[in-house]
Each structure stands twice: as C-alpha cells, then as structure tokens.
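**Student:** Heads up: the sequence shown is residues 1 to 119, going by the numbering used here.
Watch out, some of these pointers could steer you wrong.
[Claimed, not checked] With a Cα cut of at most 20 Å, we get these calculated DMTMM-like pairs of lysine to aspartate or glutamate:
#	residue 1	residue 2
1	Lys59	Asp46
2	Lys10	Asp23
3	Lys7	Glu18
4	Lys7	Glu30
5	Lys7	Asp23
6	Lys59	Asp44
Hints listed in this document are in silico derivations from the structure and should not be mistaken for laboratory results.
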Amino acid sequence: QEFCHDKTQKVGGTASHEGLMWDLMGLQFEDQGRLRVPALLGFDHDRILQEAERFLGRKPGTTLNGPPPEDQPMETQVAAQKNLGPELKEQEADDFFKNLADSMEQQKAADAAAAAVAL
1 QEFCHDKTQK VGGTASHEGL MWDLMGLQFE DQGRLRVPAL LGFDHDRILQ
51 EAERFLGRKP GTTLNGPPPE DQPMETQVAA QKNLGPELKE QEADDFFKNL
101 ADSMEQQKAA DAAAAAVAL
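Kindly produce the complete structure, drawing on both the sequences and the hints.
**Tutor:** Structural data, given as structure tokens:
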C-alpha cells in the first residue's frame with residue numbers, strides 16, 4: 001500500500017494515467033478500498049445507487065433475495081406453500097422423470113425423422 005502511494009506521488013498524483021493506476025492498485029490493500037474505486041474514477045457512489053434503484057425498481061442486492069419472510073403477510077407465506085404443486089410419492093416422482101426422459105427421446109427421434117425426410 002505504501003509502495004503504491006509512493007509511486008502515485010512520484011508520477012505526479014492521480015492526474016496522470018500511471019498515477020491513477022498506482023492509486024487503484026493501492027486501494028486493493030485497504031479494507032474499504034473497493035468502495036473508493038468509483039469515486040477515484042470520477043463517479044458518485046450515491047448517484048450510482050440511485051440510478052440502479054431507479055432501473056431495478058428496488059435497492060440493488062434485493063432483486064434475487066425478495067422480501068424477508070418476516071415482511072410478508074402470513075397469508076402470502078401460506079399461499080406460496082400451497083402453490084408448490086401436488087405432493088408426489090417416491091414412485092410417482094421416479095415415473096415422472098422416466099416419462100419425461102422417454103418423451104424427450106421420442107421427440108428427438110421424431111425431429112431426426114422429420115429432418116431426414118426434409119433432405
């Protein structure tokens with residue numbers, strides 16, 4: 001970190017391309033260095049978050065997580081559990097996947113036959 005800082009100062013600070021690169025490398029050794037990268041490159045961290053939230057419709061990082069379970073009403077949680085589909089016994093589940101594999105093989109054979117006829 002000190003080495004990178006010294007190199008940045010020797011080349012004239014972050015105004016030069018080389019100085020900026022040394023400063024970016026030095027940030028990698030700081031605990032919160034990643035958070036300073038956008039500012040060093042001339043971007044406003046808060047504006048980035050605002051634009052991301054505007055684009056996504058919610059705060060970044062919550063898209064895949066969804067709302068926490070405690071924020072959902074109990075009716076929604078129960079409804080979500082009911083919509084999982086029918087409960088299958090082990091044999092029915094095995095039959096489902098066997099039938100699915102068989103139908104895929106039949107479809108492939110039919111597609112190959114249709115392609116051969118088209119030639």
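**Student:** With reference to the structure, classify each hint as holding or not holding.
**Tutor:** Consistency of the hints with the structure:
| no. | hint | verdict |
| --- | --- | --- |
| 1 | Lys59 x Asp46 | holds, 12 Å |
| 2 | Lys10 x Asp23 | holds, 12 Å |
| 3 | Lys7 x Glu18 | holds, 9 Å |
| 4 | Lys7 x Glu30 | holds, 16 Å |
| 5 | Lys7 x Asp23 | holds, 8 Å |
| 6 | Lys59 x Asp44 | holds, 16 Å |
In this structure, every one of the numbered hints holds.
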